[in-house]
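Sequence order for the protein chains is A and B.
Residue numbers for the first sequence follow our numbering, beginning at 1 and rising by one.
Residue numbers for the second sequence follow our numbering, beginning at 1 and rising by one.
No wet-lab data here; the hints were simulated from the structure.
Even glycine gets a Cβ: it sits at the ideal position worked out from N, Cα and C.
Treat each hint with caution, since some may be false.
To spell it out: a stretch of chain B is covered by chain A in this simulated footprint if at least three of its residues, at any positions, have a beta carbon under 8 Å from a beta carbon of chain A; those stretches are [stated by the list, open to error]:
(1) 23-30
(2) 63-73
(3) 168-176
Computed list of chain A residues with no C-beta within reach of chain B, every gap over 10 Å [what the hints assert, rightly or not]:
(4) Leu-91
(5) Ala-146
(6) Val-207
(7) Ile-243
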Amino acid sequence: MNLRSVTAVAAWELRLAVRGRLVMGTALTFTVVCVLATLLGLRSLSALGLAGVGSGTGALINLAILFPPLMGMMLGANSLSSARERSLLPLMLVQPISRLDHVTGVVLGLVGAVWLTIGFGFGASALLLAGVAGTADVAGLLAIVASALGVGVVAVALGVAISALAGSRLQALGLSMGLWFLFAFAIDLVLAGVAGAVHLGPFGLFVGVLLNPLEAGRVLMVLASGGDALTLGPFGAYLNVTIGTAHAALAVCASLATWTVLSLLMAWAGITRREP
Amino acid sequence: MIRIETQTRPEGDQLLEIHGVKKSFGGTVVLDDVSLQLKRGDIALVVGANGSGKSTLLRCVAGLTRFDGTARILGADPRSAARQGLIGYLPQLVALPEAVTVGEVIAFFARLRGVSLRRPTDCAAAVPLPDGFLPGLDRPIGALSGGMRRRVALAAALIGSPPLVLLDEPAASLDEEHSASLWETMQALRAAGGTALIAMPLMVTSLLRHDLAAVADRAVLLEQGRVVHDGSVESLRPAPPLGAHRLMSVGSR
Chain A
1 MNLRSVTAVA AWELRLAVRG RLVMGTALTF TVVCVLATLL GLRSLSALGL
51 AGVGSGTGAL INLAILFPPL MGMMLGANSL SSARERSLLP LMLVQPISRL
101 DHVTGVVLGL VGAVWLTIGF GFGASALLLA GVAGTADVAG LLAIVASALG
151 VGVVAVALGV AISALAGSRL QALGLSMGLW FLFAFAIDLV LAGVAGAVHL
201 GPFGLFVGVL LNPLEAGRVL MVLASGGDAL TLGPFGAYLN VTIGTAHAAL
251 AVCASLATWT VLSLLMAWAG ITRREP
Chain B
1 MIRIETQTRP EGDQLLEIHG VKKSFGGTVV LDDVSLQLKR GDIALVVGAN
51 GSGKSTLLRC VAGLTRFDGT ARILGADPRS AARQGLIGYL PQLVALPEAV
101 TVGEVIAFFA RLRGVSLRRP TDCAAAVPLP DGFLPGLDRP IGALSGGMRR
151 RVALAAALIG SPPLVLLDEP AASLDEEHSA SLWETMQALR AAGGTALIAM
201 PLMVTSLLRH DLAAVADRAV LLEQGRVVHD GSVESLRPAP PLGAHRLMSV
251 GSR
């Protein structure tokens, strides 16, 4: 891997992203919603702290799970497909840079844009919490932010993979929105509906969590915010008894890493096999 | 006066060798047994009507599309050649991002090509084009006309002076003055030992064939994906009566 090429592409993609309306609009909206959620949850946050996982923490976690991944997937889905439709991709692929370096640079640049958005939103929340937060809460907030950054990476990588494989930019955007909806809501609803009927059990649910990067991120945020697995109810109690909170967090991190690597490989395969 | 220093390599004079290239899209044959050789310093025009396979041929040589047959650039297959920085390519239509400036585009492609730019003013120096060819470096792409954008894309293709330049209708949307600058650049490229394969539409080549003869050594005429003529540019002429812009080789009638 050529670091100079990767950083050049990453810087280029980041520059394009932050000058685009999608990133600026999402960053602004995310910041406003984070501020509102923090203000509304300030009472529970000051009483319970972040580790207490009250309404304030819950709202922040859900925001981090919904907004940045949606933005990351949309940005990723737009990347290669848009460059292909604008004939910019052929111009890029004739440069002395491998396709893997190109895909990696694109992902890194867009991850930078998503991380900036997360930084704005949680930065504003942190400023509001500064007055009421304890030391443990600062660590908890940082842990939530770190988890959100990780989920952001997965979302961008997934989006870029879709972008590399989809037939058109419109198709890529549609697929990424559909996948986001599936991960954010549909799988939860299906699992809730069928868990009893098919006797999934706690292990089956845990596998379900690992197969859904957004749910994995949500579980990681709860665990990382200072709560133990028991915060997650009977399912968490199962994790606590069988593998423990630390191992559960590790398994979830491994799931996110696997999603990222697989998505990168899919994107690389797509850009290598498809004609730009 | 344009001075171009192309990348030099120790290998022989043969820079591009294409043998028996075939390409189909579905059941439609786009390139049919195309063979072509270019020596270092050759400038060749690929001429043909719409859909004759000009752009596809350039894409094959650039390593952007799979094909049957062989293509070698200094002995390397097209994809390897691109990774080694041996190819500069200007697509027929390219929409540069509107949110960046001309200088940022040039700096980006220069960085990919390993051309060091210490100051913003180095951008202009990195591009082997006449002074004034590039629009102002601080102008956003979104504020440029189609012709100006084309000039920026052309500059991006020429950065680093790659040994083989593939230009797909480079003069499209350029005004007279900048077309002249482009051809002047091609002459300088040839003088410096650079090699170019330039796709040109029939009508333009017909109208400009006397001027183009001063720029290009050869014209390769494609019809329905087959090479039907390979000779000097002057050996192409408009065929009367109604097909005033239809080019034929002198000896074909």
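Hint by hint, here is what the structure shows:
Coverage of the stretch 23-30 of chain B by chain A is violated. Counting CB-CB distances below 8 Å, 0 residues qualify, and the rule asks for three or more. For the stretch 63-73 of chain B, the assignment as covered by chain A holds, since 4 residues bring a beta-carbon within under 8 Å of that chain's beta-carbons and 3 suffice. With 0 residues bearing a CB less than 8 Å from a CB of chain A, the stretch 168-176 of chain B misses the requirement of three and the coverage assertion fails. Non-interface call for Leu-91(A) relative to chain B: violated, since the shortest CB-CB distance, roughly 6 Å, does not exceed 10 Å.
For Ala-146(A), the condition that its CB be more than 10 Å from all CB atoms of chain B holds, with the nearest at approximately 30 Å. At roughly 40 Å from the closest C-beta of chain B, the C-beta of Val-207(A) stays outside 10 Å, upholding its exclusion from the interface. With a cut of 10 Å on Cβ distances, Ile-243(A) stays outside the contact zone with chain B, its closest approach being about 45 Å.
The structure does not agree with the numbered hints 1, 3 and 4 stated previously, though it agrees with the rest.
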